[in-house]
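So the protein sequences, as listed, match chains A and B.
FYI, the numbering for the first sequence is 0 to 342, going by numbering that gives the first Met the number 0.
FYI, the numbering for the second sequence is 0 to 342, going by numbering that gives the first Met the number 0.
Keep in mind that the hints were calculated from the coordinates and are not lab data.
There's no promise every hint is true.
Distance ranges between label pairs, derived from CB positions [unchecked claim]:
hint, chain 1, residue 1, chain 2, residue 2, range
1, B, A76, A, A76, 47 to 53 angstroms
2, B, A184, A, N287, 30 to 36 angstroms
3, B, D186, A, E301, 18 to 24 angstroms
4, A, R314, B, D186, 26 to 32 angstroms
5, A, V44, B, G162, 33 to 39 angstroms
Over the 10 angstroms line for every Cβ pair with chain B, so calculated as not near, a few chain A residues [claimed, not checked]:
hint, residue
6, G24
7, S40
8, A48
9, E49
10, E53
11, E69
12, Q212
13, L215
14, D216
15, L227
16, E229
17, Q240
18, A281
Negatives, chain A to chain B, calculated, CB over 12 angstroms [stated by the list, open to error]:
hint, residue
19, P108
20, R112
21, G286
All of these numbers come straight from a predicted model, not from anything done at the bench.
Where is the CB? At the ideal position from N, CA and C, for every residue including glycine.
Number of protein chains: 2
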Amino acid sequence: MSQVRCFISAVEAQAPFFVGLDLGGTNIKVGVVDDQGRPLSWLSVPTEAEKGPEDASARMGEAVKRAIFEADIEPSAIARVGLGSPGTMDIPAGMLVEPVNLKGWDHFPIRDRVSHYCGLPVAFANDGAAAAYGEFWIGAGREFHSLVLFTLGTGIGCGIIIGDLSIDGENSHGAECGHLIINDAEDARVCGCGQSGHLEAYASATAVIKCAQEALDAGRPTSLPDRLAEGKELSPKLLAQEAEAGDRLSLEIILEVARYMGIGIVNLLHTIDPNCVLLGGAMTFGGNETELGRRFLTRIKEEVNRRAFALLAERITIDFATLGGDAGYLGAAGIARVEHMRK
Amino acid sequence: MSQVRCFISAVEAQAPFFVGLDLGGTNIKVGVVDDQGRPLSWLSVPTEAEKGPEDASARMGEAVKRAIFEADIEPSAIARVGLGSPGTMDIPAGMLVEPVNLKGWDHFPIRDRVSHYCGLPVAFANDGAAAAYGEFWIGAGREFHSLVLFTLGTGIGCGIIIGDLSIDGENSHGAECGHLIINDAEDARVCGCGQSGHLEAYASATAVIKCAQEALDAGRPTSLPDRLAEGKELSPKLLAQEAEAGDRLSLEIILEVARYMGIGIVNLLHTIDPNCVLLGGAMTFGGNETELGRRFLTRIKEEVNRRAFALLAERITIDFATLGGDAGYLGAAGIARVEHMRK
Chain A
0 MSQVRCFISA
10 VEAQAPFFVG
20 LDLGGTNIKV
30 GVVDDQGRPL
40 SWLSVPTEAE
50 KGPEDASARM
60 GEAVKRAIFE
70 ADIEPSAIAR
80 VGLGSPGTMD
90 IPAGMLVEPV
100 NLKGWDHFPI
110 RDRVSHYCGL
120 PVAFANDGAA
130 AAYGEFWIGA
140 GREFHSLVLF
150 TLGTGIGCGI
160 IIGDLSIDGE
170 NSHGAECGHL
180 IINDAEDARV
190 CGCGQSGHLE
200 AYASATAVIK
210 CAQEALDAGR
220 PTSLPDRLAE
230 GKELSPKLLA
240 QEAEAGDRLS
250 LEIILEVARY
260 MGIGIVNLLH
270 TIDPNCVLLG
280 GAMTFGGNET
290 ELGRRFLTRI
300 KEEVNRRAFA
310 LLAERITIDF
320 ATLGGDAGYL
330 GAAGIARVEH
340 MRK
Chain B
0 MSQVRCFISA
10 VEAQAPFFVG
20 LDLGGTNIKV
30 GVVDDQGRPL
40 SWLSVPTEAE
50 KGPEDASARM
60 GEAVKRAIFE
70 ADIEPSAIAR
80 VGLGSPGTMD
90 IPAGMLVEPV
100 NLKGWDHFPI
110 RDRVSHYCGL
120 PVAFANDGAA
130 AAYGEFWIGA
140 GREFHSLVLF
150 TLGTGIGCGI
160 IIGDLSIDGE
170 NSHGAECGHL
180 IINDAEDARV
190 CGCGQSGHLE
200 AYASATAVIK
210 CAQEALDAGR
220 PTSLPDRLAE
230 GKELSPKLLA
240 QEAEAGDRLS
250 LEIILEVARY
260 MGIGIVNLLH
270 TIDPNCVLLG
280 GAMTFGGNET
290 ELGRRFLTRI
300 KEEVNRRAFA
310 LLAERITIDF
320 ATLGGDAGYL
330 GAAGIARVEH
340 MRK
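For reference, chain A alone in the conformation it holds in the complex (with noise of 0.2 angstroms):
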């Protein structure tokens, strides 16, 4: 998935200027956007999450200044930064509320924290819904009027733009459909969460490496075992590297993966019916380049076609997220631009 590195200059770029923060577990991405989406300037740090919410949102107010310095324009050009953040959150009030990969930043006004240290008024957004603003705004979206976005990692991030609206929910927990129940018998999988039957459950990677480990304990042929004492760890980039090798166990985990995918898909179908549905994250297998990616998004449409309403099936477009890892702090920047045009 290629990242945005084509920037432009300070004098092609149209103003008013925003950045886009976007805060991981491990790492913090800065860039500076201008008023069509181009970014001027990115830089990364690390979270260090173990000192603590206040020292990181130092960090952050001093990476926003050096983002905009690189970026080559006036400080009083920016309308205002826009942060996308891990949940659990309370986004009017801008706070993290119990943000699961920053032990300990419980209950954190990091909104107004970040804008104290950067100068400038910030947007809170949920990470996810950044994101799908990204794609929305300038990648594989931005010809649609609205979208969904799911990011496959560990768990499933998702996103759901509707024109300009992010539906973030009246308690900030809107779009998390990872957790959408598709399997309500008492002994469907387990999810992260700890709740049982959730699509995360089925098409994360965690959902990836459970399935390939019980297929291993139930001895089924695959040449898994050969590569795990060469030393190499059960991942999804394991298996699809064994599936393209021709191993058909892991390439039948991975279509699994993507039957789920299509049943989670058709249920937001039935419920926001959106123009888009968009792919992203480390567990896309490379996407549209690669042939095991190609097949991943065919299985998954397949099942589209099969189980939803045939006229949303037909109009529907599914396809790969396009900004990779920079969807977020472009994502941020754009709602920090959408927040900026109604105020």
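Starting from the known structure of chain A, arrange chain B on it as the hints suggest.
Just chain B now, kept in the frame of chain A:
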């Protein structure tokens, strides 16, 4: 479920006025409401679907005129008419597409034909969305910013309102939440639409009758055979009577519907995160006014408490709708009002 039969006079009413039309397979309901959603008049005429959509459009035009006459206001005081209609439909185009309950009405430009016959601009909406908007505007959801209404009957209707926005979808298939997949198994129950594993296959009147028949076929102990021998029809109403009279099987089937509705509601909480979920329609077992209705609601809430994110389970309001069969025409008038205000 109480119908709105408390009309205000033209003297008390507040302009502008709106007319709501609720087109059903059997009857068409029409009423004039004021700017605060208070009804001034109401009438119902048979749909006579077999006479075709042009004939019905003409009678809808006449019914609008009669409702205005009965409201005792000048036709010129009506700002707009709202028409709620069953799908499938194309809302922006004002077209019926293939309405399941209106045989032979396919591809009919109903919005413009009704507008022609009543001489007023017409706003066009899905009947599920209209009912949801009615509850949102002046019913059980009037205190909230967002809601989901499930209408439980032969099938499951749904409407999603966020602020003044109805989630109609890009292809007029938004909020088809009866067709959420909650059981991905190949042997899952079959829905009225032909697909399997849908919420509607587990929690509609049709599902109740199927479950009861299966239990009868399996020879499970129940008072139902006695009632059938008396010539009564197997229906949710019969099961409700028998459950109230102490039949354990009937109660079990009704509470199983509640459990499935709980699962459906969890999926909406994890996608939309609304303030409020309401249950309306014929299959609500008397609602808050009966012991059985209250048990039904309690069972739904138990399942939501068990399966939703704790914060959402704690904050969501789940209750019965209050407008009964009037939700559709009142909500259609409300949607007309929103369209009027936007233009």
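Evaluated hints:
1. B:A76 x A:A76: 47 to 53 angstroms: Hint holds: Cβ distance 52 angstroms, inside 47 to 53 angstroms.
2. B:A184 x A:N287: 30 to 36 angstroms: The hint (30 to 36 angstroms, Cβ to Cβ) holds, given that A184 of chain B and N287 of chain A are roughly 32 angstroms apart.
3. B:D186 x A:E301: 18 to 24 angstroms: This hint holds: roughly 20 angstroms between Cβ atoms.
4. A:R314 x B:D186: 26 to 32 angstroms: holds (30 angstroms)
5. A:V44 x B:G162: 33 to 39 angstroms: Cβ of V44 of chain A to Cβ of G162 of chain B: about 37 angstroms, so the range 33 to 39 angstroms holds.
6. G24: holds (20 angstroms)
7. S40: Correct as stated: the minimum Cβ-Cβ distance to chain B is 35 angstroms, above 10 angstroms.
8. A48: holds (22 angstroms)
9. E49: holds (26 angstroms)
10. E53: At about 25 angstroms from chain B, E53 of chain A clears the 10 angstroms cut-off, so the statement holds.
11. E69: holds (38 angstroms)
12. Q212: The claim stands: Q212 of chain A keeps its Cβ more than 10 angstroms from every Cβ of chain B (closest is about 21 angstroms).
13. L215: L215 of chain A is indeed farther than 10 angstroms from all Cβ atoms of chain B, at 24 angstroms.
14. D216: holds (23 angstroms)
15. L227: holds (30 angstroms)
16. E229: Consistent with the label, E229 of chain A stays out of reach of chain B, its closest Cβ about 35 angstroms off (over 10 angstroms).
17. Q240: holds (28 angstroms)
18. A281: Answer for A281 of chain A: holds, closest chain B Cβ roughly 22 angstroms.
19. P108: holds (18 angstroms)
20. R112: Correct as stated: the minimum Cβ-Cβ distance to chain B is 23 angstroms, above 12 angstroms.
21. G286: Holds, since 24 angstroms exceeds 12 angstroms.
Of the numbered hints given earlier, the model fails none.
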